[in-house]
Amino acid sequence: MSLIIDVQQVTKKYGNNTALNNVEFSLESGAPVALVGPNGAGKTTLFSLLCGYIQPTSGNINILGHSPGNSALFGRLSALPQDAQLDPRFSIAMQLNFYARLQGMSSKQAKIDTLRVLDMVGLQDATKSLPAELSHGMRKRATIAQALLGSPEIVMLDEATAGLDPANAKEIRAIVAEHADNVNFILSSHDLNELERLCDRVLYLESGHLKQHQTQDNNVNTRYITLRVKQAYQDLIPKLSIIPSVEKIEMTQDKEYLLTINSALSANNVEIDLLKILIKNNWLYSHIINGKTLENQLF
Amino acid sequence: MNFNLSRLFNIITFEIVRLFKTKRGLLALLAFSAIWFIILYYFVGSASSIVTSHSFESMAKQLFGALGLSALLAWPVAEYTIYWLVAIYFFPSFALLVCSDQFCSDKHRGTLRFITLRTTRAELIIGRFFGQLLIMSILILLTAAATTLLASLRDITLLSESVVLGIKLSIQLIIVVLPFIALMTLLNTLVSSARLAIVFATLFFALGPLLIVLIEYQFGQTFYLNLIFPGGQISHVLAQSSDFANQYILPLVQTVVLLISSHLIMKRASL
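Chains D and S supply the protein sequences, listed in that same order.
Position 115 of the first sequence, counted from 1, bears residue number 115 in our numbering, the numbering being contiguous throughout.
Position 135 of the second sequence, counted from 1, bears residue number 135 in our numbering, the numbering being contiguous throughout.
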């Protein structure tokens, strides 16, 4: 695994407002990384700094061995910046073709690659359309397509699925999952379920501070199971507490329970014990999740 | 600053596409064609009869002499006398309009964020500038070619002289418009719309000289601040009386200064 992004004590101020405060992290190549945080936490500022759209007030950023905006990163780093729009005067294909040629492709290669990425996002029939002729979701997909041109090593997607219908959002998630082995994705989203499915590393920003930089892997003995049931069952906690390896059960939200498992306490398979109790009591479950949900990890 | 020629070429050629494949570009071309049709048909086309007519000859000599334009009457192709009078003022003004949106709307819309992941800001500025320059050069050459055609239709023996004069005047016009295009490049780094860029350019030319007079009056000495205004040499170029430095070096230096300023602003700008 090689270091792809190294952020050292980065601060970004807008006048008296500090958007990012002494943020420091490094990312190695691998599975997609989630950038999470409430509105105004500094996610877009961090994306903009990594892309070279803005300069840090202080600190250093190194991406693939270069500073952001360096020409050595052209074609290696791509992004879907939040709110950026394509030029309304040109067709989608014409603009993507231009971007592909700027990345160093020949005219023929650019045409082929434009069609490839538009096909990936399901816009193969809209190549000649102007952005204004497309729906919001289709425009979003077109901007995602531009981020996939060529073979980028890092792709940063800021709120990629915001505004997309469930089917298209699923399609975009599938694209990310499919290419995650070759491309380092950094995703920002408010949809924690989505990030949970795609990412196993999380950067959590709050008020300009990087609160957590962690993997979701649990340690050796203690692990967690999240159980969601269809209805509220009164004696669920006492009955599940009987399972030998269950150390603690807490209700995280309505009809959702977090089981702390200590595998040192029993050699039995806790999932099987859990399912047996659910069946025996006729309790209906909707999800059994291995680990904490991202929501429970962060909030 | 290191420039990648392939990226520069792509940016420049895309500017041509912007002119011919967008509604705004085609409307500008249509307006340009309509204006030049009137100029060529009604003024340039009848130039020889006006300039060489006995009744007008003495008046023209007095008028052109008073304006310091006697050299123009000595040109063998009368059509170019009228062409030159119009073109020398038309093209700089037209450049301010046509080149008003080099990248300000892209910046406002966020499109520059896609582009700057693939090209440097310096390449973008230089590429868009040369793209606009290429467009202006094509338009200047087209009008010169039309004037040559009109002169040749009147008298085919004027063809070779028309071509030579047309090329010479086209080069001079291109040099004249250079700093005007660069001024719009600079304004594009500062404003968020083409309309604002035109407003700022108008204010620059309208209020700038007044400001300079005030400054010089206040301090009681000349600072040569008028050298920052593109087109200060136009009246001399028109009369074909300016020296080499005034005619070529001043606009070139102005262009370089404006482009370097644009680069310095753009380099630090937030996109």
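Derived by calculation from the structure, the hints in this document are not laboratory data.
One thing to keep in mind: the hints can contain errors.
Between beta-carbon pairs, the in silico distance windows are [to be verified]:
id, chain 1, residue 1, chain 2, residue 2, range
1, S, 269, D, 25, 38 to 44 Å
2, S, 269, D, 130, 26 to 32 Å
3, D, 181, S, 22, 36 to 42 Å
4, S, 16, D, 115, 19 to 25 Å
5, S, 16, D, 29, 36 to 42 Å
6, S, 269, D, 116, 31 to 37 Å
From a predicted model like this one, the values you see are computed outputs, not experimental measurements.
Glycine included, C-beta positions come from ideal geometry on N, C-alpha and C.
Comparing the hints with the structure gives:
1. Distance hint for residue 269 of chain S and residue 25 of chain D: a CB-CB separation of about 26 Å, inconsistent with the stated range 38 to 44 Å.
2. A beta carbon spacing of about 28 Å between residue 269 of chain S and residue 130 of chain D agrees with the range 26 to 32 Å that was offered as a hint.
3. Judged by the Cβ atoms, the range 36 to 42 Å given for residue 181 of chain D and residue 22 of chain S holds: they are separated by roughly 41 Å.
4. Between residue 16 of chain S and residue 115 of chain D, the C-beta spacing of about 24 Å keeps the proposed range 19 to 25 Å intact.
5. Hint check: residue 16 of chain S to residue 29 of chain D, Cβ distance near 40 Å, so the stated range 36 to 42 Å holds.
6. Distance hint check: the CB atoms of residue 269 of chain S and residue 116 of chain D are about 33 Å apart, consistent with the given range 31 to 37 Å.
When held up to the earlier numbered hints, the structure conflicts with hint 1 and nothing else.
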